[in-house]
Amino acid sequence: MSKTLLVLIGLVLLALLFAVLAVVDYVRSRHAGRRRAPAARSARPPGRPEPPGPPSGS
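Residue numbers (UniProt numbering): 1 to 58.
A couple of the hints might just be wrong.
[Stated by the list, open to error] Derived SDA-like pairs (lysine to any residue); straight-line CA-CA distance at most 25 Å:
hint, residue 1, residue 2
1, LYS3, LEU16
2, LYS3, LEU13
3, LYS3, LEU17
4, LYS3, ALA15
5, LYS3, PHE18
6, LYS3, LEU14
[As the list claims (entries may be wrong)] Ranges of calculated distance between the beta carbons of each label pair, as one might list FRET restraints:
hint, residue 1, residue 2, range
7, LYS3, HIS31, 40 to 46 Å
8, MET1, VAL23, 26 to 32 Å
9, HIS31, MET1, 39 to 45 Å
10, ALA22, MET1, 39 to 45 Å
11, SER2, HIS31, 40 to 46 Å
12, LYS3, ARG30, 39 to 45 Å
13, THR4, HIS31, 38 to 44 Å
14, SER2, ARG30, 27 to 33 Å
15, HIS31, ILE9, 32 to 38 Å
16, VAL27, VAL7, 28 to 34 Å
17, VAL27, LEU6, 30 to 36 Å
Calculated directly from the structure, the hints in this document are not laboratory data. Ideal Cβ positions, reconstructed from N, Cα and C, are used throughout, including at glycine.
My request is simple: use the sequences and hints to build the entire structure.
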C-alpha cells in the first residue's frame with residue numbers, strides 16, 4: 001500500500017472517532033438535561049456530599 005493511502009485511512013479513522021465521541025457526548029448531555037438524576041448508576045446516594053478520602057481521626 002502506498003503511504004498516502006495509509007495517511008488517508010488514518011485521517012478517516014480519526015474523524016470517525018471524533019464523530020462518535022461528539023455523538024456520545026451530545027446524547028449524554030441531552031439525557032442529563034431530560035432526567036433529574038443523571039448519576040443513578042453510581043453507588044453514592046444522591047443526597048450526600050462526596051465521600052472523604054483518608055480517615056482523618058485515626
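How the hints compare with the structure:
Simply put, LYS3 and LEU16 have alpha-carbon atoms about 20 Å apart, close enough for the 25 Å limit, and the pair holds. For the hint linking LYS3 to LEU13, the alpha-carbon distance of about 15 Å falls within 25 Å, and the restraint holds. As the CA atoms of LYS3 and LEU17 are separated by approximately 21 Å, the hinted pair is consistent with the 25 Å bound. Proposed proximity of LYS3 and ALA15 is supported: the alpha carbons are some 18 Å apart, at most 25 Å.
Between LYS3 and PHE18, the direct Cα distance comes to roughly 23 Å. Compliance with the 25 Å bound is thereby established for this hinted pair. Between the alpha carbons of LYS3 and LEU14 the distance comes to roughly 17 Å, so the proposed pair stays at or under 25 Å and holds. Between LYS3 and HIS31 the C-beta distance comes to about 42 Å, which sits within the given range of 40 to 46 Å. A C-beta distance of roughly 30 Å is found between MET1 and VAL23, which places it inside the suggested range of 26 to 32 Å.
The beta-carbon spacing between HIS31 and MET1, approximately 41 Å, falls within the hinted interval of 39 to 45 Å. Checked against the hint of 39 to 45 Å, the pair ALA22 and MET1 fails, with Cβ atoms roughly 29 Å apart. The supplied range of 40 to 46 Å is met by SER2 and HIS31, whose beta-carbon atoms lie about 44 Å from each other. The hint said 39 to 45 Å for the Cβ distance between LYS3 and ARG30, and at roughly 41 Å that hint holds.
At roughly 41 Å, the beta carbons of THR4 and HIS31 sit within the given window of 38 to 44 Å. Under the hint 27 to 33 Å, the C-beta atoms of SER2 and ARG30, about 42 Å apart, miss the expected range. Remark: the range hint 32 to 38 Å for HIS31 to ILE9 is upheld by a beta-carbon distance near 33 Å. In this structure, VAL27 and VAL7 meet the distance hint of 28 to 34 Å, their C-beta atoms being roughly 31 Å apart.
Taking 30 to 36 Å as the suggested C-beta distance range, the pair VAL27 and LEU6 conforms, at roughly 32 Å.
Figure legend: structure checked against the earlier numbered hints; hints not met, in rising order: 10 and 14.
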